[in-house]
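**Student:** Going down the list, the protein sequences come from chains A and B.
Numbered by numbering that gives the first Met the number 0, the letters in the first sequence go through residues 0 to 395 in order.
Numbered by numbering that gives the first Met the number 0, the letters in the second sequence go through residues 0 to 152 in order.
Worth flagging that the hints you see were computed from the coordinates, not collected in a lab.
Among the hints, erroneous ones may be present.
Stated by the list, open to error - To give an idea of the chain A side of the interface with chain B (calculated C-beta under 8 Å), a few residues:
#: 1; residue: LEU36
#: 2; residue: HIS40
#: 3; residue: ARG41
#: 4; residue: LYS45
#: 5; residue: GLY64
#: 6; residue: LEU207
#: 7; residue: GLU208
#: 8; residue: GLU303
#: 9; residue: ILE305
#: 10; residue: LYS320
#: 11; residue: LEU326
Since the structure is predicted, the reported quantities are computational estimates derived from the model, not experimental observations.
Beta carbons are placed, not taken as given, at the ideal position from N, Cα and C, and that holds for glycine.
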Amino acid sequence: MSTFVLPVGPQHPALKEPTSFRFLVDGEYVVDADLRLGYNHRGIEKGCEDRTYVQCMYILERICGICSNAHMTAFCQGVERILGLEVPKRGLYIRCLMGELERVHSHLLWLGVAGHEVGFDTFFMYTWRDREIVQDLLELISGNRVNYGMQTIGGVRRDLDELQIKKCLEGIAALKSRTPYYLNIGATEPTLVARIAGIGKLPKEKALELNAVGPTARASGVEIDVRKDAPYAGFESDIPFHIKTDTGGDVLARVVVRAHELMESYDICEFILKNLPSGEVRAKAPRKVPEGEVVSRVEAQRGEDIHYIRSNGSDKPERVKVRAPTLANWPATLYMLRGGYVADIPIVMAAIDPCLSCTDRMAVVTDVRKGSEKVMDWEELRRYGIEFYRRKGIKL
Amino acid sequence: MTVEEIQKTIGEKLGPKVLEISVKSPRQMFVTVAPENLIEAMRVFKDDIGLYHLSTITGRDTGDKLEALYHLAMEGMELTVRSQTERSHPKLPTVTPVYPGAVFYEREVHDLVGIDIEGHPDLRPLVLPEDWPQGVYPLRKDWKYNREKGAIE
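Isolated chain A, as found in the complex (with noise of 0.2 Å):
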């Protein structure tokens, strides 16, 4: 039997960012997936041993633009780990929210690009509609949209008054009634339903096994969050947190888990607003940083981030490894696209959430039986998909 070669990429009108992906097709079926990464390398962690810890900070809050916060938070504890600095819990308060807050913002951003990805393109404008109050807040607090430039070394750069207070708890309060419509959208409506149920599967072994994170992970019954696992931020205290998992293992379920996954987060929000300590928000730090190592986690939007951070006694560091949730969940999503439809490629890719800048990294489908190969772009598979599944019946 002969096999076709799918190429998809690198330029991806869908992912806005450059990836190449090889399928080996026979038919509608994937049978193999590879990927080639690289396409947004920039050398960041070169960069940063020429750099001093705050230019460093900067530098690492540009790695990607929608967990710009979770970056600047793994490299900013970490440093304060090294240097044994304490900050201040009104600061821990500040830093956590603006955590969740970018968190409710990324997954409203996701729950729009996979109704999009479907084909579902309602979801889409009502999800984005409710992501402007949300960026609307952050922008209120840190003045900015993306790049918020909160976090430093010692704790946060910006306080918080009675009147952002009182603004957030408006905002959330608006966003906590929509939410729960979207959940039922998301997990009930049976034309959604029908095209998402069972695609991209990945039962709880090959989750483990692969190292999947975040709510790809959730999604298939395993409970890793590190904010339950390594807590930090205020977390580490008294901040209530539950952790949203679900048994499904496919697309439907890691829609389900992330539309819960907002829910809570707004709790956590309204409390942090509600029990906001008083005093400094941040601890003065040295520009020197004492020799040492240190291994700094924190649970992006997409899954756990990990910083590795040495130090040599100068106000640079000797050594800086960042790992983004997206590639460790590459390896689970190769799996999943395997035994699929090449229809479902665009649906299953998006359900990871896949940062490309994050992890730095197109597609090909080769075809078993004709032997050829087939360059498509993002928004014909896109396309291919939806029209696919039109003539199966399913309509959105």
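Place chain B on chain A using the hints.
**Tutor:** Chain B alone, transformed into the frame defined by chain A:
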């Protein structure tokens, strides 16, 4: 498992094969093992201690040696396994039989630090471009990036 329980298990199962244990905090520790004992140690960490999650692998140039740091995790504990290899013949065994999720991390270490991963199924470049010169490893300390004088300067 607490730090003490882990130290006891390491002592019983691995004994002198673990060269160094350093405890950074009640939730974080670093252990050093020689490359020849790496796989055995990784099995003990995964099966006997329960560190089911491999977060990532860091490759580092210490100056005279090259080392790989395997960041393992479970609830309440982060354990990093350090294994050093000679700079002249940098070689480490693959840990993919124990942690199949390590496949991309090992390729990354091979790309950027130049440690040969023995037994790895596929060592094609992962992050570096295909036309990158062979034997040049950007994350080694002796590699410096010199910006080419272009149209701007």
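**Student:** Could you run down the list of hints and mark each one as holding or not?
**Tutor:** To see whether the hints hold, each was checked on the structure:
A least Cβ separation of about 6 Å between A:LEU36 and chain B falls short of the 8 Å threshold, and the interface hint therefore holds. Taking 8 Å as the C-beta contact cut-off toward chain B, the hint placing A:HIS40 at the interface holds, the least distance being around 5 Å. This hint is violated: A:ARG41 has a C-beta 10 Å from the nearest C-beta of chain B, more than the 8 Å allowed. Interface hint at A:LYS45: satisfied, since its Cβ lies 6 Å from the closest Cβ of chain B, which is below the 8 Å cut-off.
Against a cut-off of 8 Å between C-beta atoms, the interface hint on A:GLY64 is violated, since the closest Cβ of chain B lies about 20 Å away. Contact between A:LEU207 and chain B, as hinted, is supported at the beta carbon level, the nearest pair being about 6 Å apart and thus within 8 Å. About 5 Å separates the beta-carbon of A:GLU208 from the nearest beta-carbon of chain B, less than 8 Å, and the hint is met. The criterion of a C-beta within 8 Å of any C-beta in chain B is met by A:GLU303, whose closest approach is roughly 6 Å, and the hint holds.
Proximity of A:ILE305 to chain B holds as hinted, the smallest CB-CB distance being about 5 Å (cut-off 8 Å). Annotation: interface hint on A:LYS320 holds; nearest CB of chain B at approximately 4 Å, less than 8 Å. Because the smallest distance between the Cβ of A:LEU326 and any Cβ of chain B comes to about 6 Å, under 8 Å, the interface hint for this residue holds.
In summary, the structure is inconsistent with hints 3, 5 from the numbered list given earlier, while agreeing with the others.
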